[in-house]
Structure formats: C-alpha cells, structure tokens
Amino acid sequence: MQTVNAMIRQCRIAGFWLAILAALPVQAGSYELVIDEKAVNLTGRERTAITANGSLPAPTLRWREGEEVALRVTNRLDEPTSIHWHGIVLPYDMDGVPGISFPGIPPGETFTYRFRLMQSGTYWYHGHSAMQEQLGLMGAIIIDPSEGETHAYDRDYTVMLSDWSDENPHRVLSKLKKQSDYYNFQKRTVFDFYRDLSDKGFQETMADRLAWGEMRMDPTDIADVTGYTYTFLVNGQNPAANWTALFKPGERIRLRFVNASAMTHFDVRIPGLKIRVIQADGQNVEPVEVDEFRIAVAETYDVLVEPRDARAYAIFAEAMDRSGHAQATLAPRRGMRAEVPPLRPRPLVSLADMAAAHGMDHGSGAEGPHAGMEHAPEPPPPTNGHEGHAMADMDHAAMQHQASPHAGHEGHAMPDHGQEHADTAERVLSYADLKSAEKHEDWREPDREIVLRLTGTMNRYVWSINGKKYSEAEPIRLKYGERVRFTYINQTMMNHPLHLHGMWQDLDTGKGPFNPRKHVVNVKPGETVHVDVPVDASGEWAFHCHLVYHMETGMFRKIIVEPPDAAAKKGA
Amino acid sequence: MPLRKREPEKVIPSLEHYRVRRSVPVCAAAILMMFGSGRATAQMDDAIYNYLRFERLEYEGNGDVHLFKWDVEGWTGNDDNKLWVKSEGDYVFEQDIFGRADLQLLYSRNIATFWDAQIGVRRAFEPERTFDGVIGIQGLAPYFFETEAALFINENGNVLGRFKLAYELLLTQRLIAQPRVEVNVSADDIENRGVKAGITEFEAGLRLRYEIVREFAPYIGFDYVEEQSLREHKHSVRAVAGIRAWF
Ligand SMILES: [Cu+2]
Chain G
1 MQTVNAMIRQ CRIAGFWLAI LAALPVQAGS YELVIDEKAV NLTGRERTAI TANGSLPAPT
61 LRWREGEEVA LRVTNRLDEP TSIHWHGIVL PYDMDGVPGI SFPGIPPGET FTYRFRLMQS
121 GTYWYHGHSA MQEQLGLMGA IIIDPSEGET HAYDRDYTVM LSDWSDENPH RVLSKLKKQS
181 DYYNFQKRTV FDFYRDLSDK GFQETMADRL AWGEMRMDPT DIADVTGYTY TFLVNGQNPA
241 ANWTALFKPG ERIRLRFVNA SAMTHFDVRI PGLKIRVIQA DGQNVEPVEV DEFRIAVAET
301 YDVLVEPRDA RAYAIFAEAM DRSGHAQATL APRRGMRAEV PPLRPRPLVS LADMAAAHGM
361 DHGSGAEGPH AGMEHAPEPP PPTNGHEGHA MADMDHAAMQ HQASPHAGHE GHAMPDHGQE
421 HADTAERVLS YADLKSAEKH EDWREPDREI VLRLTGTMNR YVWSINGKKY SEAEPIRLKY
481 GERVRFTYIN QTMMNHPLHL HGMWQDLDTG KGPFNPRKHV VNVKPGETVH VDVPVDASGE
541 WAFHCHLVYH METGMFRKII VEPPDAAAKK GA
Chain E
1 MPLRKREPEK VIPSLEHYRV RRSVPVCAAA ILMMFGSGRA TAQMDDAIYN YLRFERLEYE
61 GNGDVHLFKW DVEGWTGNDD NKLWVKSEGD YVFEQDIFGR ADLQLLYSRN IATFWDAQIG
121 VRRAFEPERT FDGVIGIQGL APYFFETEAA LFINENGNVL GRFKLAYELL LTQRLIAQPR
181 VEVNVSADDI ENRGVKAGIT EFEAGLRLRY EIVREFAPYI GFDYVEEQSL REHKHSVRAV
241 AGIRAWF
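Listed in order, the protein sequences are those of chains G and E.
Mapping the first sequence onto the working numbering, position 488 (from 1) lands on 488, and the numbers just tick up by one.
Mapping the second sequence onto the working numbering, position 86 (from 1) lands on 86, and the numbers just tick up by one.
Calculated from the structure, these hints are not laboratory results.
Fair warning: this is a prediction, and the values are worked out from it, not measured in the lab.
All C-beta atoms in this analysis are idealised placements derived from N, C-alpha and C, irrespective of residue type, glycine included.
Some hints could be false.
[Unchecked claim] Keeping only pairs whose Cα atoms sit at most 20 angstroms apart, straight-line, the calculated DMTMM-like set for lysine to aspartate or glutamate is:
#: 1; chain 1: G; residue 1: Lys177; chain 2: G; residue 2: Glu472
#: 2; chain 1: G; residue 1: Lys187; chain 2: E; residue 2: Glu211
#: 3; chain 1: G; residue 1: Lys177; chain 2: G; residue 2: Asp192
#: 4; chain 1: G; residue 1: Lys178; chain 2: E; residue 2: Asp71
[Stated by the list, open to error] Covered, in the sense of this in silico footprint (three residues per stretch, anywhere, with C-beta under 8 angstroms from a C-beta of chain E), are these stretches of chain G:
#: 5; stretch: 174-180
#: 6; stretch: 185-194
#: 7; stretch: 465-479
#: 8; stretch: 549-555
[Stated by the list, open to error] Among the chain E residues that face chain G by a calculated CB cut under 8 angstroms, a handful are:
#: 9; residue: Asp45
#: 10; residue: Asp46
#: 11; residue: Ile48
#: 12; residue: Tyr49
#: 13; residue: Asp79
#: 14; residue: Leu83
#: 15; residue: Tyr143
#: 16; residue: Tyr167
Produce the entire structure from the sequences given, and follow the hints as far as they go.
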C-alpha cells in the first residue's frame with residue numbers, strides 16, 4: 001500500500017515538474033536579474049554602466065502570453081534601483097515606480113515581481129530610479145502570442161536603439177539647468193541671418209527673427225541633449241561595431257525596433273528596402289508599407305523586410321536633430337557593411353508648429369484636484385490661419401509640401417509629414433497611418449475629458465503639465481470603469497512622448513474602434529492630440545513624458561484610479 | 001490576438017491588500033522627504049543646484065590706465081528660490097587701489113517665466129565702505145537680452161541704480177560676440193563721495209569669445225567708459241582680454 005502511495009506521489013511530483021517544464025519559455029533561466037555596475041567602453045573611454053546580469057543592454061526577456069512570470073530582481077548597487085515593465089498590463093504594485101507603486105529596491109535587497117502576461121508583442125523594461133536607464137539599465141521584452149503569429153517570417157531580430165553619454169546623467173541635467181542650450185551646436189549664426197536675408201528678403205527674415213526673439217525660443221532647439229555628448233547605439237553597440245543581423249536572400253525578416261533612448265527620437269530607414277510596419281507598441285496594426293518611420297523615445301515598432309539581393313543593407317537611425325546616428329547592418333554574411341547615407345540637414349521648428357504655443361506662458365494653466373473636470377478650452381488656432389506667416393519660416397524644401405498639414409484634422413492626430421521630413425520625397429509613417437488590426441470591443445464615447453497642457457520653460461529647463469511640476473501638482477484621479485479622454489495640448493517647442501503606466505491610450509486618428517492602442521504617444525510642438533483611456537486598472541500609476549530629463553524636472557503626474565467600490569462609498 | 005481584456009476582480013483585491021502593506025514604506029518615504037532627501041519621490045524636480053560664473057576676469061587698459069576687472073556671480077537654489085552672490089570691481093595696478101568693489105548677497109525668487117526678483121544687501125568696499133539695501137530684477141527680456149537692474153539704498157537714504165544689458169551674436173557655434181552695456185546712476189548728489197546725480201558711470205563694450213568648451217572661453221574686446229563725478233568727467237576707450245568661465 002505504502003509503495004503504491006509512494007509511486008503515486010512520485011508520479012505526481014514528476015507530473016508537476018513536467019508541467020513546469022512545459023510551461024517554461026525558451027529562456028527559463030533569465031528570470032533572475034542582478035542589477036550591478038560594470039565598466040564599459042563605448043567611445044574610447046572607460047565608463048561605468050548599470051547593467052542587468054552584466055549585459056548592456058539588459059538581456060532580452062522572451063515570454064509567452066498567458067504565462068505567470070516571477071522575476072527576482074537583486075540590487076547590487078549602492079543606491080536604490082527599480083525595474084519598470086514598460087507597456088505590460090499588470091497589477092500596479094508590480095509596475096516598479098519608486099514612490100508610486102512600490103518603495104523601490106534598496107541596495108543589497110531583492111524584490112520579486114509577479115504578474116501574468118495578458119498580452120503579446122514587443123515591449124521593454126528599464127530602470128525607473130535616478131536616471132539609471134540613461135546608464136544602460138534597459139532591455140527588450142518579447143511576448144509570443146498564445147494563438148500563433150499573425151504574420152509569417154523566417155527570422156526575428158530585436159533592434160534596440162539607445163543614446164549613451166560618457167557624462168553622468170545628473171551632470172547632464174545640472175548643465176541643462178544652468179545653460180539649457182548647452183548641447184545645441186547647431187544654432188543659427190549671424191551668417192545664417194545674412195543667408196536668410198538674401199534668400200527671403202529683409203521683411204520675412206526680420207519677422208521670423210523677431211517672432212522667435214519675442215518668444216525667447218530657438219527654432220534649432222530640436223533636442224535638448226545631442227550627439228555632442230551622445231553616441232547612438234544599436235543593441236548596445238556603436239556604429240563602428242556594426243551590429244549585424246543575418247539573412248538569406250528572399251527571407252522575410254521581422255525587426256523589433258525599441259527606442260530605449262533617454263532623450264533621442266530617431267528617423268529610421270533601411271535604404272533599398274520597403275519597411276512593412278505590422279505592430280506599434282506591441283499591438284498589431286493594419287500593415288503599412290513605408291520608406292521611413294520616426295520612433296519616439298520609448299515607442300516600439302515591429303516591421304517586416306524582405307531583402308532579395310545578397311548584399312548588405314544599412315539599418316540607419318538618424319537622431320531627429322541630425323546630430324548623429326545609430327547604425328546596424330542587415331547582411332548575408334558577417335563583416336559586410338552597406339554604404340551609409342549622409343545625415344540630412346538639420347530641421348528647424350517652424351512658426352506654424354509654434355502657433356499653438358505662441359503667447360502662452362508658464363503657469364497659465366490651472367490644475368487643482370478638480371481640474372480634470374474642466375471642459376476643454378478652445379483648441380489652439382489651426383495653423384492654416386497663419387499660412388503666410390508660417391510659410392515664410394519653413395525650410396525651402398518644406399515649400400514643396402502641402403501648405404498646412406494640420407488643416408481639417410481638428411480632433412485627430414495629425415499626419416506628420418512635418419518639415420523634418422521635407423527633405424525626402426519618400427513615404428514616411430505617420431500616426432494617421434496607424435489602424436488597429438482588431439476592433440476594440442470596449443470602444444465607446446468617453447465619459448469625460450481631461451485637458452493636459454504640456455508646458456515648460458526651455459530657458460530655465462523647467463518642464464511641467466498645466467504649468468505645474470510634479471512636486472507642485474495634485475494627482476489626477478480617475479474612476480475604475482470610466483473611459484476618459486485625455487487631450488494633450490503641446491504649448492512647448494519640444495516633442496513630448498507621453499507614457500501612461502498600467503493603461504492603454506487609444507490614440508484618436510479618427511478610426512473609432514480601430515484607433516491604434518499605444519503606451520507612448522508622441523505629441524509634437526504646438527500639436528493637440530486626443531487619446532481615450534479605458535480606465536481598467538485600479539491603483540496608483542505614473543504618467544510622464546518619457547524624455548528622462550523632462551520627467552526628472554517635472555513633466556510627471558501621479559494618477560490614482562479609485563476602485564469602483566471606493567467611488568461608490570464616496571458618492572453615498 | 002495581442003490584447004486580452006483584463007478581469008477587474010483580479011486587480012481590486014490586490015489593491016485592498018496592498019493598501020495595508022504599503023502604509024509603512026509610505027510613511028517612511030514621507031519622513032525621508034520631510035528631511036529633504038527628495039530621493040524618495042519618483043523624480044527630483046525640486047533639486048538644488050549650484051552655479052558660479054566668472055562673467056569677466058579681465059585685463060583692461062590703454063596708454064593711461066591698466067586695470068584688472070572682475071564680474072562674478074553665483075547662486076545656489078532650486079527653480080523658484082535662489083541665494084545669489086555677486087561681486088564686481090576693478091583694481092588699478094599703478095596706484096595699487098580699487099576703483100570700485102562690492103559684494104552683494106541676495107535672495108532671489110522666480111516671479112514670472114523669465115524673471116527673478118531679488119532683494120538683499122550690498123557691501124561696497126572701495127572707494128568707500130558703505131552698506132546698502134538692494135532690490136532688483138534679473139532675467140531674459142524679449143529678443144534674448146540678458147537684463148539686470150538693481151536699486152541700492154544706503155543708510156543716509158541715497159538711492160543709486162545699476163542697469164546691465166547683454167546680448168549674444170553667434171559667428172560660429174563657438175565664436176560668440178557679446179555686446180554689453182552697464183549704466184550706474186545716482187538719484188542725488190552725494191557730497192562726501194563726490195557722486196553727482198545722474199549717470200555716474202557708463203560702460204559699453206564688445207567682447208569676442210571662443211568657447212573651447214561651453215564652460216571655458218577666453219575673449220578679447222574693447223570697452224568705452226565714461227565716468228562723471230562732482231570733481232571730474234573722464235572718458236576713455238580700453239582694450240580688454242580675459243576669460244569667461246562657469247561651473
Ligand atoms: Cu517632454
């Protein structure tokens with residue numbers, strides 16, 4: 001009898017282990033992350049990076065939809081750390097934002113994150129403490145769908161873009177606070193002024209200079225931190241290292257682009273290949289064929305390419321301000337290198353872009369605990385009202401473009417063939433091209449609207465929302481189950497990639513239940529963008545601009561989602 | 001199917017559960033914050049920075065005069081509140097005397113996007129020791145004019161003023177021409193100091209600096225200086241050479 005029981009028990013144990021093995025994904029061992037410092041040399045000088053398991057970037061985590069994940073994260077640094085699972089839907093206390101979702105991981109301690117994966121696609125993870133992501137603490141997450149891939153492909157590569165500085169991020173921020181244009185070495189000079197005089201004439205040139213001067217802003221201010229200090233990396237390697245993805249001609253390659261930069265938007269091209277965009281922020285979209293796409297900080301795009309020739313192709317990612325580039329190679333053999341296209345001219349922000357921001361000042365927005373209930377103010381004037389003015393300022397190349405890309409799209413994300421892309425006649429992906437591959441079942445009209453003006457003073461390097469920094473502002477309160485429309489009005493001249501933790505942002509591109517679903521929505525200078533947020537996650541969440549130095553200096557909010565029972569109690 | 005709608009009942013109990021567990025670390029964080037650690041928050045938008053700038057450390061002279069001039073200012077504080085220290089003056093080599101030298105200590109508060117209001121005290125050392133109250137404004141005027149204006153009120157009720165304006169013209173990304181004007185005025189005659197009401201000192205000049213790095217730039221240039229006192233009126237043009245540095 002006893003032997004039978006023992007046998008049954010043994011069978012049970014074996015069955016248990018078999019079940020565990022079956023459930024384990026490809027890289028079962030990588031659920032233990034040890035955060036530590038490591039010496040790296042990416043520029044010719046040795047510096048200290050922050051790594052997970054000794055790797056820069058941190059190891060790619062390959063999971064399966066439906067899997068229950070347990071990750072032990074051990075902190076070997078002498079300061080607190082944290083890991084945020086970017087774009088992953090999970091209980092808020094597993095989200096990993098110190099001071100909001102948990103206290104952080106103190107030096108020497110281990111924190112175990114546990115959550116079940118309810119989604120698939122390409123995501124990433126990064127540190128959320130003391131700007132550690134700028135020091136290398138970021139890695140990709142790939143979640144394979146439980147029901148099989150929608151698109152067939154032969155090979156699958158992650159292309160993680162990032163910006164590395166030999167300077168400590170706290171030092172970078174300190175410099176920006178003291179001289180906000182410290183890293184801009186592409187400003188307009190006296191000679192540009194004379195060139196403009198002869199090109200555009202006295203009146204236009206003066207009108208333009210005076211308009212910018214009055215705002216105390218600079219149209220060359222495209223990026224706060226630039227290639228002056230940054231080396232741009234692909235999968236942790238500089239352009240000289242030539243990170244290579246192999247293929248055989250005729251194969252279909254899936255490239256998972258992740259922009260893990262602290263501050264850099266990239267314009268990505270693979271000269272000679274059409275790029276078929278199939279996912280944005282991990283979500284399937286109707287495939288769009290483009291020549292180029294812009295990837296904002298913290299966004300992910302999955303694309304398919306089909307190289308037919310046995311030659312090398314450059315995966316070329318120009319920094320948005322053209323101060324440098326990241327580069328990798330797609331080749332049939334290692335050691336091959338494609339001809340690298342030259343960097344295109346540095347763009348200018350146009351007065352048209354700034355029309356909405358024009359005349360608005362720091363602190364003009366009101367935001368109290370009830371500010372969310374306010375109704376939307378008049379939308380900023382559509383830029384077509386300023387055509388004469390605006391056209392005067394645009395690059396010559398921009399003149400070829402349609403006069404006002406913003407016209408007639410009030411209320412929807414604008415197609416963004418802005419002046420930055422004027423130099424290519426090729427097809428560039430815009431948010432307006434994004435259409436969800438599946439219909440959202442929970443699509444409905446929003447219950448209310450919350451207007452968030454993106455504000456700041458570049459000159460003093462202060463970034464805020466509705467004129468208030470994080471430390472000055474009340475949290476935004478949402479109720480579980482409601483559907484809230486966030487209206488982002490960018491009153492600054494910078495792009496702000498806005499990241500909402502824990503919940504999706506359905507970006508209004510006018511496609512109703514097929515609007516693309518994103519975890520990061522980039523809002524361009526002067527632009528107004530609407531997103532609908534299905535409030536389906538209780539707890540306390542972070543909401544912020546994903547440019548690290550904007551987040552650090554105040555473009556950040558806590559969002560509190562009250563559970564339905566609490567809301568009912570309050571109402572009673 | 002990349003997205004699954006999540007079931008609410010899974011989420012809410014974990015929140016209730018967490019509320020209790022969380023109170024201890026939250027309290028600890030709050031106490032830490034009260035002691036100004038700041039590290040306990042998600043980020044630090046209220047951090048304190050320190051800045052020191054040697055706007056001018058220069059030799060200035062012509063056939064008649066040779067002097068060393070300084071104009072130094074620095075602050076410590078956050079975006080809204082700062083403590084400023086400013087000092088300027090000159091030292092004449094031949095006579096071994098200070099032409100003018102003072103030290104100001106000011107509290108500065110951000111009052112508008114581009115403007116700080118300042119209040120504090122000034123100790124003038126040369127040519128005569130005085131103790132003044134200072135009230136001023138400093139910031140970036142439209143069209144990028146760096147502007148500084150201050151009123152000094154001494155113990156006898158005399159009112160003096162100082163106004164500075166500077167502009168930057170980029171010849172290249174590192175070669176920068178900086179026209180600059182400084183005007184010192186007095187509301188009334190101050191007999192014992194020989195000060196005459198009106199403009200007591202006017203200085204206009206141009207400096208051409210080369211930023212080897214942003215923080216360090218040698219420069220050359222010239223100044224036109226006009227001085228008016230009860231006893232005399234002087235004006236001269238002087239060549240300058242010096243360094244501008246900050247950190
Ligand atoms: Cu931002």
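Go check the stretch 174-180 of chain G versus chain E for me, would you? Three or more residues, Cβ under 8 angstroms, otherwise it fails. With 5 residues closer than 8 angstroms to chain E, the stretch 174-180 of chain G meets the three-residue bar; holds.
Q) Close enough to count: is the Cβ of tyrosine 167(E) nearer than 8 angstroms to one in chain G? A) Result: violated, 10 angstroms to nearest chain G Cβ.
Notebook entry, point to check: Straight-line Cα separation of lysine 178(G) and aspartate 71(E) no greater than 20 angstroms?
Noted result: Holds: lysine 178(G) and aspartate 71(E) sit about 18 angstroms apart, inside 20 angstroms.
Tell me if tyrosine 49(E) is really an interface residue toward chain G, meaning its C-beta lies closer than 8 angstroms to one of theirs. Since the shortest Cβ distance to chain G is 5 angstroms, the answer is holds.
- Query: How about isoleucine 48(E): closest beta carbon in chain G under 8 angstroms, or not?
  - Reply: 10 angstroms, violated
Double-check aspartate 46(E) for me: the hint is only fine if its C-beta lies closer than 8 angstroms to a C-beta in chain G.
Where the cut-off is 8 angstroms and the nearest Cβ of chain G is about 5 angstroms from aspartate 46(E), the hint holds.
Query - leucine 83(E) as chain G interface residue, shortest Cβ-Cβ below 8 angstroms - result: With a closest approach of 15 angstroms, the leucine 83(E) hint is violated.
- Going straight from one Cα to the other, do lysine 177(G) and glutamate 472(G) come out at no more than 20 angstroms? 18 angstroms, holds
Review point. Lysine 177(G) and aspartate 192(G): Cα distance at most 20 angstroms?
Key: 27 angstroms, violated
Are aspartate 45(E) and chain G close enough, Cβ to Cβ, to be under 8 angstroms, as the hint says? 4 angstroms, holds
Item checked: chain E covers the stretch 549-555 of chain G, three or more CB atoms within 8 angstroms, holds or violated -> It holds, with 4 qualifying residues against the three required.
- aspartate 79(E) as chain G interface residue, shortest Cβ-Cβ below 8 angstroms: Because about 5 angstroms separates aspartate 79(E) from the closest Cβ in chain G, which is inside the 8 angstroms limit, the hint holds.
The structure is inconsistent with the numbered hints 3, 11, 14, 16, although it conforms to all the rest.
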